[in-house]
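Enquirer: Chain by chain, the residues run as shown.
Protein chains: 2
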Amino acid sequence: MPDVKQSRSPYRIRPRIRVLRNQDIVIGPGKADLLEAIGRTSKLRDASKELGMSYMRAWSLVRTMNRTFRRPLVKAERGGAHHGRAVLTPTGRAVLALYREMESSSLEAVKSAWGRLRRLLAK
Amino acid sequence: MPDVKQSRSPYRIRPRIRVLRNQDIVIGPGKADLLEAIGRTSKLRDASKELGMSYMRAWSLVRTMNRTFRRPLVKAERGGAHHGRAVLTPTGRAVLALYREMESSSLEAVKSAWGRLRRLLAK
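Respectively, the protein sequence lines represent chains A and B. Plus 5 on top of the position in the first sequence (first one is 1) and you've got my numbering. Plus 5 on top of the position in the second sequence (first one is 1) and you've got my numbering.
It is worth saying that the hints were derived from the structure and are not from the lab. All values reported here derive from a predicted model rather than from experimental measurement. For each residue, glycine too, the CB sits at the ideal point set by N, CA and C. Take the hints with a grain of salt, since some may be wrong.
Said to hold, decoys possible - Taking lysine to aspartate or glutamate and the EDC-like style, the derived pairs with C-alpha atoms no more than 20 Å apart in a straight line are: (1) A:K54 <-> A:E41; (2) B:K48 <-> B:D38; (3) A:K116 <-> B:E106; (4) B:K116 <-> A:E55; (5) B:K116 <-> A:E82; (6) A:K80 <-> A:E55; (7) B:K54 <-> B:E41; (8) B:K116 <-> B:E106; (9) B:K80 <-> B:D51; (10) B:K80 <-> B:D38; (11) A:K48 <-> A:D38; (12) A:K116 <-> B:E55; (13) A:K80 <-> A:D51; (14) B:K128 <-> A:E41; (15) A:K54 <-> A:E82; (16) B:K54 <-> B:D29; (17) B:K116 <-> A:E113; (18) B:K48 <-> B:E82; (19) A:K128 <-> B:D29; (20) B:K80 <-> B:E55; (21) A:K116 <-> B:E108; (22) B:K54 <-> B:D38; (23) A:K80 <-> A:D38; (24) A:K128 <-> A:E113.
As the list claims (entries may be wrong) - With beta-carbon atoms standing in for the labels, derived distance ranges: (25) A:N27 <-> B:E82: 41 to 51 Å; (26) B:R68 <-> A:R75: 41 to 51 Å; (27) B:G33 <-> A:G84: 42 to 52 Å.
So that you can see chain A by itself, here it is in the shape it has in the complex:
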């Protein structure tokens, strides 16, 4: 999600949401972007390239997410006719949508205080 940047101002605000299980990030900005790129490309390799992430790193994040939710978020095929294909499951699409909803709600919610804080910043 793009940060909110005021025109002619060098300042912007960036709310970041992370869901943790103990100290591990269950879902945060990086994993959400990966889910989104998988949804767009249907290829784990293309998705990882888009994010400047190694293929093995993307695999590892997908594996972690698939284990942490009740149902897998990504269905990936490593062999057969559709080798390399990766698609978001209904749970994957729901999790991504809820994460984006949290980001937008957060951004909307901070706008009032952010407007007041901006006035205290130097030009």
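Given chain A's structure and the hints, the job is docking chain B onto it.
Expert: Using the frame of chain A, we list chain B on its own:
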């Protein structure tokens, strides 16, 4: 600000707000905690110790904040009778309060989607 942790659940949500100027953090969780510790201790050395931060690092963060806002957030005395004393200015108190307000607003705003996301997480 403490994360929201549901009882009996290993999961918690952590919204983090950062104000950026280009790639630099103007204020975020670390600087806010430093302001709060300065407000509590009135000593930069005690504040930095509380946060497990070196004294020079704390000085550097204070200098950056003081430069970035229209008016200084922290008034620190490095010599004289009150050597080592550091207090929040009215602007410093206002910035800290607005930052904490953004954190609470964000947390409140994500609760609904977080409730739905939690149901998708494994036990």
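Enquirer: Within a Cα-Cα threshold of 20 Å, do B:K116 and A:E82 meet the stated pairing?
Expert: 35 Å, violated
Enquirer: Is the Cα-Cα distance between A:K80 and A:D38 20 Å or less?
Expert: The hint holds at about 16 Å.
Enquirer: Next pair to validate is B:K54 with B:D38; report whether the Cα-Cα distance is within 20 Å.
Expert: 12 Å, holds
Enquirer: Starting from A:K128, check that the Cα of B:D29 is at most 20 Å away, please.
Expert: 15 Å, holds
Enquirer: For B:K80 and B:E55, compute the direct alpha-carbon distance and say whether it is at most 20 Å.
Expert: At roughly 19 Å apart (the allowed maximum being 20 Å), B:E55 and B:K80 satisfy the hint.
Enquirer: So if I understand the rule, the pair passes when the alpha-carbon distance is 20 Å or less; does B:K80 with B:D38 pass?
Expert: 16 Å, holds
Enquirer: Does the hinted range 42 to 52 Å hold for B:G33 and A:G84 at CB?
Expert: 45 Å, holds
Enquirer: Mind checking the alpha carbons of B:K80 and B:D51 for me, to see if they're no more than 20 Å apart?
Expert: Distance ~15 Å between B:K80 and B:D51 Cα, so the pair holds.
Enquirer: Regarding the pair A:K116 and B:E55, is the alpha-carbon distance no greater than 20 Å?
Expert: The hint is violated at about 31 Å.
Enquirer: Does 41 to 51 Å hold as the CB distance between B:R68 and A:R75, or does it fail?
Expert: Taking Cβ atoms as reference, B:R68 and A:R75 lie about 49 Å apart, which means the hint holds.
Enquirer: Decide if the proposed pair is consistent with the structure: B:K54 and B:D29, CA atoms, cutoff 20 Å inclusive.
Expert: Roughly 24 Å between the alpha carbons, so the hint for B:K54 and B:D29 is violated.
Enquirer: Taking 20 Å as the top limit, are the C-alpha atoms of A:K116 and B:E106 close enough?
Expert: 11 Å, holds
Hints 4, 5, 12, 14, 16, 24 from the earlier list are contradicted by this structure; the remaining hints agree with it.
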